[in-house]
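Protein chains in written order, with the working numbering: chain A, 4 to 108; chain B, 72 to 569; chain C, 2 to 638.
Among these hints, one or two may not hold up.
Mimicking DSBU-like on lysine-lysine, the simulated pairs with C-alpha atoms at most 35 angstroms apart in a straight line are [unchecked claim]:
1) C:Lys586 to B:Lys518
2) B:Lys444 to C:Lys570
3) B:Lys518 to C:Lys70
4) C:Lys70 to B:Lys444
5) C:Lys557 to C:Lys167
6) B:Lys518 to C:Lys601
7) C:Lys585 to C:Lys601
8) C:Lys570 to C:Lys585
9) C:Lys386 to B:Lys438
10) B:Lys533 to C:Lys27
11) C:Lys24 to B:Lys527
12) C:Lys557 to C:Lys570
13) C:Lys433 to C:Lys115
14) B:Lys125 to C:Lys167
15) B:Lys438 to C:Lys570
Everything labelled a hint here was simulated from the structure, so no lab data went into it.
The residues making up each chain are set out below.
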Amino acid sequence: MITGISIYEILTVTSILFFIGVYGFITRTNLISILISVELILNAAVVNFVIINKYLFPEVLQGVYFSIFIIAVAAAETALAVSIIINLYRQISSVEVKDIETMKY
Amino acid sequence: MINMDILSLFIVVPALTVLVLIFTKNLKQARIVALAGSLVQLGMAINLIFSYIKERAMNDAIMVFTKDVVWFKNFNIHYNIGVDGISVALLLLTAIIVLAGVFISWKMEDLPKEFFISLIVLSIGVYGFFISIDLFTMFVFFEIAVIPMYLLIGIWGTGPREFSAMKLTLMLMGASAILLVGILGIYFNSNADGGALTFNILEIAKVNIPSDVQKLFFPITFIGFAVIGALFPFHTWSPDGHASAPTAVSMLHAGVLMKLGGYGVFRVAIFLLPEGALHWSWFFIILSAFGVIYGAFAAIKQTDLKYINAYSSVSHLGLVLFALLMLNKTAWNGAILQSLSHGLMTALFFALIGMIYGRTHTRDVTKLGGLLKVIPFISAVYVIAGLASLGLPGFSGFVAEMNIFVGAFQNDDIFYRVATILAVSAIVVTAVYILRVVGIMLMGPVKNEAYLTLEKVRWYEKIGIVLLLLPIISIGVAPLWLSELILKSLDPFLRGVL
Amino acid sequence: MNYIILIPIVPLAVFLILGLFYKKIKPAISGYTGVMGLFISTCLAFYTAYNYFFVIGKTEGVYQTFVAKTVWMNFTDSLRIDMGILADPISVMMLIVVSVISLMVHIYSRGYMKGDPGYTKYFAFLSLFTFSMYGLVLATNLFQIYIFWELVGVSSYLLIGYYYTKESAVAAAKKAFIVTRFADLGFLIGILLIGYYTGTYDFEILNNPEGAAILSWASTSFMGLSILTWALLLIFIGGAGKSAMFPLHIWLPDAMEGPTPVSALIHAATMVVAGVYLVARLFPMYYFVEDGFALNIVAFVGGFTALFAAVIAITQTDIKRVLAFSTMSQLGYMMLALGVSGYEGHEGLGYMASMFHLFTHAMFKALLFLCAGSVIHAIHSNFLKDMGGLRKYMPITNITFLIAALAIAGVPPLAGFWSKDEILVAAFEHNKFLYVIGLFVAGLTAFYIFRIYFGIFWGKEGSYKHKPHESPWSMTAPLLILAFLSIVGGLIPFSRFISADKIGFETHTNYPLAAIAVFVGLIGIGLSWMFYKKENELANRFSLGFGTFYTWAYNKFYFDELYLFVAKKIMFNGIARSAARFDKKYVDGTMVGIGNQTVKTSEKIKGMQSGKVQDYAFAFIAGAVILAIICIYIWTN
């Protein structure tokens with residue numbers, strides 16, 4: 004619990020973070036940038052877990068434990084994504100998302 | 072024991088034929104197998120008529136030779152089969168036409184094995200449809216009968232075959248979709264009297280389905296079946312479909328498949344929803360009577376032989392639906408006789424057109440001329456078939472049409488009278504288009520030098536023709552046995568409508 | 002009387018044999034077979050007539066009807082079609098007529114059609130026709146007569162179109178069939194009406210003057226007339242088509258495209274009288290229903306046709322066409338006679354006269370046609386302008402034609418005089434207006450028939466490519482036999498055998514009226530003697546005097562053009578073409594349009610599969626947000 008700051012303010016911050024991530028995911032042309040945006044989304048969720056834990060359920064620590072899980076999963080997923088991007092780069096020599104639109108009508 | 076399974080054999084024998092066909096390697100083997108299979112079928116069909124007559128003398132049930140095997144217990148779907156006079160006659164019709172079709176396809180050079188397989192699969196669907204008493208089984212066989220058409224027309228057809236195949240199959244599938252709605256509607260209301268939901272036709276007939284349900288589902292079911300029976304305005308799959316189809320397929324389709332419509336209307340729509348039928352008959356009578364005249368007029372100005380025949384079928388089959396809606400025994404007798412008669416005649420026509428096309432490589436009436444001098448047998452039979460088609464006494468068409476007209480006339484109301492007179496006046500228009508074709512194509516001077524060396528009729532073509540012509544003549548000259556056979560089976564259907 | 006069934010069976014057997022073994026039979030054999038078959042039938046017919054009229058027919062002065070029939074097809078429990086034979090005065094008489102004429106034509110054809118490639122086919126069709134005609138006259142009920150009616154029509158079609166490589170023959174055959182089919186439509190509707198309202202098709206039951214069928218005429222009416230009257234009028238339309246009554250007459254002149262013996266048999270003596278026979282067959286109904294309303298119409302149609310056809314016959318230059326219109330005119334006489342007839346005893350004079358005229362007309366008209374055939378065979382042309390002076394070369398044909406011409410002109414004591422006279426007497430007794438028309442037509446008849454007689458056998462000799470010679474005996478023998486019959490045929494005391502109520506009666510010649518009729522006939526002959534015996538300008542000046550009326554008559558009053566217009570412009574191009582176009586563009590267009598619409602919609606929404614991951618993600622998130630908002634909304638309410 005941090006004095007002087009209510010939960011709503013922090014939740015606002017994480018929401019903004021979340022939607023910045025979503026925006027980045029939808030708009031960025033570089034695959035790595037998309038990956039970074041995904042990280043942003045995940046991190047926003049992590050902060051949410053910790054804050055809600057601290058503010059609403061101060062006696063228990065489940066939220067904090069779960070945030071560790073999320074960080075681990077995010078790391079694994081990033082590793083996987085980067086390996087896919089590297090393979091893709093070997094095929095098309097580019098990390099732009101507009102070069103992989105072949106599976107369409 | 073043998074007797075009980077006599078009907079399932081109608082499905083087993085063609086299935087076996089298909090199985091053996093898979094192992095054949097070339098045209099010669101394929102056609103022998105197909106021929107053998109169809110001959111056995113014909114034998115069975117003839118045998119069935121005699122067994123049926125014998126059985127009828129002892130047994131008064133609506134359907135005889137029945138067999139009931141549970142298929143999907145949860146939905147109360149059974150593999151339920153049985154026949155009465157009408158089914159027996161139509162089974163014989165199918166057997167004759169399949170055999171004639173095999174003879175006509177004696178020289179089918181491309182992919183003969185697959186062709187004969189599709190043809191026989193189609194016939195399985197038809198046989199199954201005629202012997203089913205369970206609505207679901209009936210629908211399954213209906214689909215089996217319709218779907219191979221796509222392959223048959225699309226692969227072995229001529230002209231814009233993919234387009235025609237697509238149009239035909241999609242329109243008939245659309246009709247099946249509508250039909251399924253109707254069937255399900257009937258199914259879900261089959262417990263109106265407190266029993267279980269059932270697909271069995273005989274049991275549903277005993278149930279009193281509420282009047283407003285009947286009025287809702289009758290048009291749906293009727294249209295579902297009548298599209299394949301060439302009801303105006305849903306008939307347009309027929310001209311293109313028949314024009315592009317190979318000969319044997321046209322014969323089978325126009326000769327047999329289009330009868331499924333009339334049969335289905337009779338067995339399902341009118342039998343199970345009689346009040347709906349009474350309520351809606353005026354509307355569909357207008358459509359079918361109009362179709363009779365419209366088809367005949369449209370046939371006058373066509374130049375493609377197969378189109379003429381297709382519109383002729385629209386006209387003749389319009390009479391079948393017209394008669395079915397008159398809701399009395401004479402008209403129903405006429406409708407079934409017309410189904411049989413028209414099936415044989417149109418198959419004969421398509422066979423002849425196929426022979427002419429095979430020799431002259433054109434179906435354009437205006438380019439042909441004077442064929443009577445060059446291919447006398449085929450032309451003479453064409454004239455005979457034409458005369459049969461316009462309802463000349465001595466052929467089955469007359470017998471059927473007179474029953475329809477007399478039956479239709481039994482309805483006193485001025486509406487029915489006007490509709491009947493409209494339908495009767497089609498005999499003049501039919502004469503016009505038939506004689507026009509005969510005059511332009513067969514008579515007159517020989518138009519094209521090349522025709523002077525056309526090949527005379529071959530032995531297998533002769534057999535096919537005679538096979539179709541004999542029943543037409545025998546029903547025309549001695550109709551009593553057949554009309555009595557059918558008339559006796561019509562009583563249970565009348566009870567609902569009265 | 003059951004042996005009567007053999008009479009139609011023999012020609013049927015001949016037809017089947019000749020038809021099935023077409024290729025294997027030598028022409029000479031088929032000719033002999035045809036003639037033999039018909040000879041057997043003729044002998045049987047004469048035996049039947051002798052038996053019926055002189056031995057067993059009469060019971061207590063009334064001629065009985067012998068019927069033997071079997072069920073052919075059941076419509077309902079009460080309505081059905083029977084097949085059988087019915088022997089009564091007019092059917093037995095018709096058996097004689099059909100047999101004699103058919104036999105003569107068969108014998109004649111052996112000479113006329115010699116060398117023609119379709120010889121066997123010809124005899125097969127002739128036998129088919131004879132079989133159908135026998136079936137028609139022996140019919141026991143309306144449907145049976147309709148069945149054979151159609152078969153007769155088809156035989157006519159096949160025979161008119163015999164020279165099938167000629168386009169005009171094909172067109173004529175088609176026209177004949179379709180016009181008569183149109184008439185048959187009326188016939189069929191009439192049959193259906195009678196079947197429904199009286200409950201039967203059977204002639205015996207229908208024709209009973211005290212039976213329920215006739216007596217019920219007043220019970221149902223439609224637009225002011227009894228429904229039975231409508232039925233009878235519709236049936237008359239059928240008869241009018243076959244008997245070439247105005248306005249359904251247009252097929253008969255064109256039917257002359259067929260070989261001449263066919264014209265003699267079918268279009269002079271037998272098929273065309275089927276309409277008259279039909280009305281005679283149903284005469285009690287026609288007479289008793291609504292006091293003979295339908296019968297009046299029959300009389301006037303007959304009278305008008307007689308006049309109409311005679312006027313046209315005067316102008317025609319093709320001898321067969323003259324004879325065709327002459328037939329039409331004489332058929333008009335027969336219908337007129339039926340129309341003015343009563344029922345009992347002497348009142349039924351018209352009925353008797355009509356049948357008598359049918360009988361005698363068959364003889365001399367067939368003779369006229371066969372003579373014409375003989376002439377055409379010799380000089381290879383149908384037209385008067387190519388003929389002339391043939392009496393030197395074809396003496397037998399000349400004499401027999403003259404006899405037939407005198408007969409048709411009504412000169413006593415030849416056959417035509419007796420029958421025509423009875424018709425005029427009947428007309429005089431019932432309707433003076435029709436009598437005057439009949440008398441005038443008698444004059445016209447004499448005029449036109451002698452016009453062609455003089456034109457063919459007298460006058461300036463035509464330029465012949467090779468010297469015409471008399472026809473072989475196979476052709477002249479029938480001419481002589483028919484000439485003999487034309488002479489003596491009228492002396493038969495017909496009224497003792499044929500009458501409307503089946504009780505014979507005696508007729509006495511009405512000398513004043515007979516004298517007037519003969520006088521008018523002689524005037525006609527005299528006028529044509531003046532105009533045509535020697536080459537002169539009188540005829541041309543006379544016809545110019547008539548001006549436009551002559552042109553109209555020469556062109557048969559443009560009815561053919563009218564019908565052709567209606568058929569081609571209205572039916573074919575107007576209705577049929579529009580129907581075909583409507584079907585292709587709109588009805589089919591709708592179905593194809595539905596298909597096209599599906600494709601277009603698919604084209605529009607396929608953009609959703611853009612291949613871009615980010616679009617998919619956007620859709621995903623947008624969906625999730627919307628769902629979340631909905632859930633919150635539901636949750637808070």
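Check each numbered hint from earlier against the structure, then list the numbers of those it violates in ascending order.
When the structure is compared with the hints, numbers 3, 4, 6, 9, 13, 14 turn out to be violated.
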